[in-house]
Amino acid sequence: MGGDLAVKRSLVVGKANVGKTLFCIHFARYMGMRELRLLVQEADGRTDCRRLSVADAEASLSDAHPHRTRCLQSIALEFPSGKTARQLLLTDTTGLVAGIHPDGPLRESMAQTLQAMMDADLILHMVDAGAIGRGIAGREGGPAGWDALEEQIASFGLRRGGYVILANKMDLSGALDGYRYLCRRYSKQRVLPISALHGTGFREVKRVVWRFA
Amino acid sequence: MYGALHEWVAPFAALLLIGAAIKLMDDHLDAEYDILRGERTLAARFGRALLPYGLAVGLLAAAIDPRLACALFFASYAVGMFHQLRERLPTRLPAWVETLAAVALAGLTAGWQTALWAIAVAAVIDWTDDLSDAARDRLTGQRNLAIRIGVVETTLLVLLALCAAVVLDAKDTALAFVALAVLTVLSEVTTVRLWDADEGGDSR
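Read top to bottom, the protein sequences are chains A and B.
Residue 152 in our numbering sits at position 131 of the first sequence; the count goes up by one each step and never skips.
Residue 347 in our numbering sits at position 138 of the second sequence; the count goes up by one each step and never skips.
I should point out that these hints are in silico values taken from the structure, not numbers from a laboratory.
For every residue, glycine included, the Cβ atom is placed at its ideal position computed from N, Cα and C.
Some clues are possibly wrong.
Computed Cβ-Cβ distance ranges for the label pairs, DEER-style [claimed, not checked]:
#	chain 1	residue 1	chain 2	residue 2	range
1	A	Met139	B	Arg347	19 to 27 Å
2	A	Arg67	B	Arg352	31 to 39 Å
3	A	Arg67	B	Val401	46 to 54 Å
4	A	Val28	B	Cys372	36 to 44 Å
5	A	Met139	B	Ala344	24 to 32 Å
6	B	Arg249	A	Leu170	40 to 48 Å
7	B	Leu395	A	Thr68	49 to 57 Å
8	A	Gln173	B	Ala383	54 to 62 Å
9	A	Thr105	B	Leu260	14 to 22 Å
Construct all of the structure, not just a fragment, from the sequences and the given hints.
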């Protein structure tokens, strides 16, 4: 009857540059953390622990160029549970791309992400709702922002359970159309509209993540 | 008239009051999450004052019927930890030790028959809750017996526990479920909705 006492992991996955790292940093701040203690797991197996302020993390870990993150970076979040508190790792991952990337070490990092998806308790699939929305205009069939890679991540998540879609960049134009598209396509699934940049929609994410802790 | 008071009203009042104390305690532990999903329960509104109010309500129940009050309190304490038996609690003890201690205290303070009855009633309430929340909990990852061992198996356990409770004390079982209904209504009335929340579905 005993529950599983291992620390559970929620994995933030998605294509490159959808806002995964910024979400992790801002969500940790939303959870009340002023200093981030990052557990870094490199693709070659090395591990490291880094302490950064939220501002430093934002400046050094996230930027507009794709593939800034090339490892698993985890932050331990704490959630009250009955008389105790439970920890949940919020893990940022290397962005995925369709096809075979020419950069060998980057491919290894992506493989590390895929491996982590097999073991995660909760998959937070982050997508760029703005890109999806803008891609809808003038296209028949699926929008440009929702391609075969997103489809494969979604079908993997739906099969295994513990899967939530985070429709990010809701502050950008076209994002509402993208969000509506996702809601229609995944009508029985949780699709949470957020802005990692501005921290909107985090209350809903916290509610979902809490239950998996 | 006084016979009826002794036989029906006093145990019902004790069950209602100890049920209220248990509910307050439970809501207090869940207050943060309840607020997150848009529900400000009475326990959240009481804040720090919950401890004296909860103790007063619990002691009143114990003054009316110490046997029932102690049995139900300790039984609820034990059943509430079934989902996390290996977890280490603030006492530094694993939950299964506290569970055994609660069962032992129920037996010592109320007698073994009443303790068994109380455990059966608490289990019926807890597992029925798991059955009704199974679909939602599957989506949200919440610990749930029906998800862990199956809906049919949990239903059979609920029926088994209900049979045990009725065989051990049919009158108090009936009173306990009437008290539960009253407390559920009171909880609904006293809970403030902060916004519309649909936990099970998508959050559009």
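Evaluation of the provided hints:
no. : hint                               : in the structure
1   : A:Met139 with B:Arg347: 19 to 27 Å : holds, 20 Å
2   : A:Arg67 with B:Arg352: 31 to 39 Å  : holds, 35 Å
3   : A:Arg67 with B:Val401: 46 to 54 Å  : holds, 51 Å
4   : A:Val28 with B:Cys372: 36 to 44 Å  : holds, 40 Å
5   : A:Met139 with B:Ala344: 24 to 32 Å : holds, 26 Å
6   : B:Arg249 with A:Leu170: 40 to 48 Å : holds, 42 Å
7   : B:Leu395 with A:Thr68: 49 to 57 Å  : holds, 52 Å
8   : A:Gln173 with B:Ala383: 54 to 62 Å : holds, 55 Å
9   : A:Thr105 with B:Leu260: 14 to 22 Å : holds, 18 Å
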